[in-house]
Amino acid sequence: MPATSQRVYVGASARVPEGGRLVVDVGDTTIGIFRFQGQLYAYLNTCAHQGGPVCQGKIIPRVTEVIDPGGESRGFAFDESSLHIVCPWHGFEYDIKTGVHPGRPSARLIRVAVDETSEGVYVTF
Amino acid sequence: MSKVELTNGTASATEHKVQQITTRTDSREILANARRDIARYHLDDYFIVDVDAHHVEFDSWSEILDHLENPVLRHNAKSMTQNWPNAKQLAFSNHPVGMTFQDVFGRIPHQCELGEHVDKTDEHRDLTLVRRAMDSMGIKMQIVFPQPMLEMGLHPEPDIVTAMTFAYNRWFTKTILPREKRVKTLLCLPFHDPDACMKMIQEFGETPGVVGFMITSQRHAGVHKNMYMRVYKELEERGLPLAFHAGPTWGDTMTSTMNRFLGVHSMSFVTCNMTHMTNWIVNGLPERLPKLKVIWIESGLAWVPFMMQRLDHEYLMRQSDAPLLKRLPSEYIREMYFTTQPLEVTIPHMLEATFKAVNAETQLMYSSDWPHWDFDVPSRIAGIPFLSEQAKRNILGETARKLFHL
Ligand code: FES
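Protein sequence lines, in the order shown, are assigned to chains A and B. Just so you know, the working numbering puts 120 at position 120 of the first sequence, and the rest follows in order with no gaps. Just so you know, the working numbering puts 1074 at position 74 of the second sequence, and the rest follows in order with no gaps.
Calculated from the structure, these hints are not laboratory results. Watch out, some of these pointers could steer you wrong.
[Claimed, not checked] Straight-line C-alpha distance at most 27 Å; calculated DSS-like pairs for lysine-lysine: (1) K1326/B - K1140/B; (2) K1199/B - K1174/B; (3) K1293/B - K1402/B; (4) K1017/B - K97/A; (5) K58/A - K1017/B; (6) K1225/B - K1181/B.
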């Protein structure tokens, strides 16, 4: 990565659809840009686990387990309010809004600044 | 997808050619970040031997069935592949339900299939895939194992197991092994049948690229039984190592209580090797086979300090149960060999203690287990802070070079 930060145009807004992603290369750096609930998030394509290509993984809502008032399990459910990116190397999941693994806060993605104008989407890194 | 220029003004970005990794993605793209680590960790300076990786013999199943020696069994298997819609890649195998849970339901595609494009040439597709993986991870040599064949230890029909083990070994030693010097193997033994094991060792014991033999650990067999001694002695005399390769089962009395594959995989991949190691030690096999080199594969390492402490503790109180032992069980275990994957790293001080316990510098060998869902890249070892440079070199390849005469 360059020593000084640069703001790079990555594409028109439509290239990052709601619930989707755009993965781009800027020089040797690969960055994933995601849009969820109208907000943009961007991360380096390097997983906190073994450095896998996390941004190229499956996008899927967080899985939860429903427990009834008696403490009994009522099975799995998707939590549509929380979207995950799953690293395809070994399955580490990260909340797209925070870049954090839900079970281990120290396992987190490296965030890249992202902004949007009428021209489109930019990253700064 | 072709590269799309997204330039607008001064700075530029290009759309990455693969937006989402799937079962069709080229392994070189899946492993691109591992290739980047070769420079970061100077992996080219190491002689890296991967002691446990897999090719996917599903794709060659029909060719393997052609190598069944018995014409009736060959007919039976081939007719299964022709008439049963789902048996093309499974006839005569013992593919259990849990294996299809391994990819975490689409989250880890390379576990399901390496369905990438390979140009049709004279070279076998599997060899191309093995080379792509080795080159992407900076691996110089790889010991390659099958996948569904590892499940044969729980197959209900022993004669099929023997026939299939010979068929697979003949196919592999003819089709894959002679074409690439960087590929080696530890061939499966049809362990339930010592006569067949002896025949296997005689047939392949001197085949170039066969660096030893392997027992698939997921089986219900007392490995200490007298009937196996001549097999072990034969290997010992030939100076060939014996490996125990672990595997999962959802079908034993304990794992059958489990509702999540996480639990099944965590436990059964280890308990099979724990069982065999226990029988091996308490029956004094290290004393009876002092020169036989034994390797424990794909159970990780965290179980080993447990076994050392537990067996030592019991042995001191029940020495008469294990009269052949002249030392503590842990001392014999420390002379065995282990492979690294899947390396349990979440609690660093316990990892360090484990490396000390197993004499990692001389007994531990790197393994990737590619293309399985919990594979480890070589930087896993190169990045461990408490290891000396020599220890890294030994674990990444020098110990394997010595053990297998590479
Ligand atoms: S490298 Fe991402 S899950 Fe392992």
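Numbered hints the structure breaks, given as an ascending list | Violated hints (numbers, rising): 1, 6; every other hint is consistent with the structure.
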